[in-house]
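These protein sequence lines are chains Z and G, in that order. If you use the numbering used here, the first sequence corresponds to residues 54 to 353, in order. If you use the numbering used here, the second sequence corresponds to residues 54 to 353, in order.
Calculated from the structure, these hints are not laboratory results. One should not assume that every hint holds.
Taking lysine to any residue and the SDA-like style, the derived pairs with C-alpha atoms no more than 20 Å apart in a straight line are [stated by the list, open to error]:
no., chain 1, residue 1, chain 2, residue 2
1, G, Lys75, Z, Ser328
2, Z, Lys75, G, Ser328
3, Z, Lys337, G, Glu135
4, G, Lys126, G, Val89
5, Z, Lys126, G, Ile66
6, G, Lys126, G, Thr265
7, G, Lys337, Z, Gln67
8, Z, Lys288, G, Gly70
9, Z, Lys337, G, Gln67
10, G, Lys228, G, Thr265
11, G, Lys126, Z, Thr117
12, G, Lys126, Z, Asn121
13, G, Lys337, Z, Glu125
14, Z, Lys126, G, Thr119
15, G, Lys337, Z, Ser351
16, G, Lys106, G, Asp197
17, Z, Lys75, G, Phe330
18, G, Lys178, G, Asp188
19, Z, Lys126, G, Lys178
20, Z, Lys352, Z, Thr117
Model, not experiment: these values are computed from the prediction.
There are 2 protein chains.
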Amino acid sequence: MSTTSTFTTESEIQNFGGKLVKLSHQSEKTKTKMDVNLYLPEQYYKKDPSSVKLPVLLYLSGLTCTPNNASEKAFWQPYCNEYGFAMILPDTSPRGANIEGEDESYDFGSGAGFYVDATEPKWSKNYNMYSYILDELLPNLSKDFTKLDFNNISITGHSMGGYGALMMYFKNPSKFKSVSAFSPISNPSNCKWGEKCFGGYLGTQDKSKWLTYDPTELIKTYNGPKVPILIHTGKADPFYYRDLQLLPENFLKASEESILKGLVDSRLVDGYDHSYFFISSFTKDHAAHHAKYLGLSSKL
Amino acid sequence: MSTTSTFTTESEIQNFGGKLVKLSHQSEKTKTKMDVNLYLPEQYYKKDPSSVKLPVLLYLSGLTCTPNNASEKAFWQPYCNEYGFAMILPDTSPRGANIEGEDESYDFGSGAGFYVDATEPKWSKNYNMYSYILDELLPNLSKDFTKLDFNNISITGHSMGGYGALMMYFKNPSKFKSVSAFSPISNPSNCKWGEKCFGGYLGTQDKSKWLTYDPTELIKTYNGPKVPILIHTGKADPFYYRDLQLLPENFLKASEESILKGLVDSRLVDGYDHSYFFISSFTKDHAAHHAKYLGLSSKL
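Next up, chain Z with everything else stripped away, as it sits in the complex:
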């Protein structure tokens, strides 16, 4: 194990010409040890340190996931190498915060931080994934990995992480060059997953707090760059057609009344479910989407 000023390198795994680097660090925002995976493409190791810096894609995972699931199953790595961008895969919540009930549900607590800063006293000491990622993780990675260009960064994610990607993009205009999402929870104020997490972390008294994190609300007042947004949702995903957890139609409708009218490419794809088999089938398209706005071209 090696150590930077902030991170401990738990392992480095050669993969697709680059390396998957598994890091951990003690977080001030969550008061826990946090794991994060970083994929550095072959260009990272070949380029002269004084030359071009590599763009970054931030990937937010869904409910129950650690940084490892997408690292093993989403198959971003060949496309990181094709275009030459690094990938950051944070965890989905604090772990081992020792809060009563934190491990009881798959969709609340551990593995389900919902990318918000909790205001409910029981959770607010640790469950601050929004400021953890934006104000702690990214700045510290930027300090330690100086060959990466954190001013040239895009964001994507799956399910809870798809919601997180859209939400962080709209709340921080111009911070990210582009956003995309795989089966995002598009209107969390109006579905069970969102109600449970918003209610638990933000309280049920003042639901206006919920709306400050809801992509379908945020897009209405978004006033940043007019960059197209790519979204895939599987038509055979039971969280879509049966449980109405995803509601991409609500988001698309809201976009039509926003400055992004006509720029949301929301694709409902036949036969696909909610799994990594779905994600991996479309990472190629999402990589190409982000590469365009990160100023990258395919080496193939």
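Following the hints, position chain G against chain Z.
What follows is chain G alone, placed relative to chain Z:
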């Protein structure tokens, strides 16, 4: 769940334009229920049933694996679609045979059938992975999936499965169009994994039985088609450099005294380990290798 004459379809998962089909069947050779995964590329669903039949690649997994590990992590699917071949992923042993001690080791018994037909009485009723795959699984799949061409089939695998692929290829000249392997156990008679499995399934009295399954022995008398063989082994794989379980040098040396002299392309690759991160980094090369001998060209 649907049923063919032999197989029950446990699930069908849309993936990369094709489908991953998870099948199960009651095996006569193992006297257990066996799982098998089949990946059918998009060409399978688009082609006129009366037209061209699709070639097949048989993938044999390593110790501890079920058919699911490689289906989720090896990343063959985009290349199945690129060239238009189906993939078969059998299990690595009988499961639940109710033999005393079958679940005690990771490298013997469940998950470690070693692709032999056991002769030791304790194991010989169930542990017949060699004849299970060649005489039962493939013929039954051929009967039920008539759009696949089982006369145009190649074979590959990882670790124990890499050994299995080489062994089955040499024991059945002309049955497979080509063979390749990822970190194969190349000379099992001379390493601990092989000694444990050969000893347990075939006995320790007559070691000449072991040699009938050992690729480094079999290549010496192989007299089939002279087709190049592609092998990758990671130099940072502790099973290679530390434990001497793989011994690719022994196999390469034996090949120099065989009719395949000069045709074994055994690549030791810097930095790579034994994991699926290693396998997935080179499936593209192996797919291209097999496509050539299956008579396929890239659609890209």
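Each hint tested on the structure:
1. Lys75/G to Ser328/Z: Holds. Lys75/G to Ser328/Z sits at ~15 Å (cutoff 20 Å).
2. Lys75/Z to Ser328/G: holds (15 Å)
3. Lys337/Z to Glu135/G: holds (14 Å)
4. Lys126/G to Val89/G: Holds, because 16 Å separates the two Cα atoms, which is no more than 20 Å.
5. Lys126/Z to Ile66/G: Measuring from Cα to Cα gives roughly 15 Å; hence the hint holds.
6. Lys126/G to Thr265/G: Roughly 32 Å between the alpha carbons, so the hint for Lys126/G and Thr265/G is violated.
7. Lys337/G to Gln67/Z: holds (16 Å)
8. Lys288/Z to Gly70/G: OK: Lys288/Z and Gly70/G at ~14 Å, within 20 Å.
9. Lys337/Z to Gln67/G: Satisfied, since the Cα-Cα distance of roughly 16 Å is no more than 20 Å.
10. Lys228/G to Thr265/G: Holds, at about 17 Å.
11. Lys126/G to Thr117/Z: Judged against 20 Å, a Cα distance of about 19 Å means the pair holds.
12. Lys126/G to Asn121/Z: Holds, at about 12 Å.
13. Lys337/G to Glu125/Z: holds (17 Å)
14. Lys126/Z to Thr119/G: holds (16 Å)
15. Lys337/G to Ser351/Z: Distance ~17 Å between Lys337/G and Ser351/Z Cα, so the pair holds.
16. Lys106/G to Asp197/G: Satisfied, since the Cα-Cα distance of roughly 13 Å is no more than 20 Å.
17. Lys75/Z to Phe330/G: Holds, at roughly 13 Å.
18. Lys178/G to Asp188/G: Measuring from Cα to Cα gives roughly 16 Å; hence the hint holds.
19. Lys126/Z to Lys178/G: violated (37 Å)
20. Lys352/Z to Thr117/Z: Distance ~35 Å between Lys352/Z and Thr117/Z Cα, so the pair is violated.
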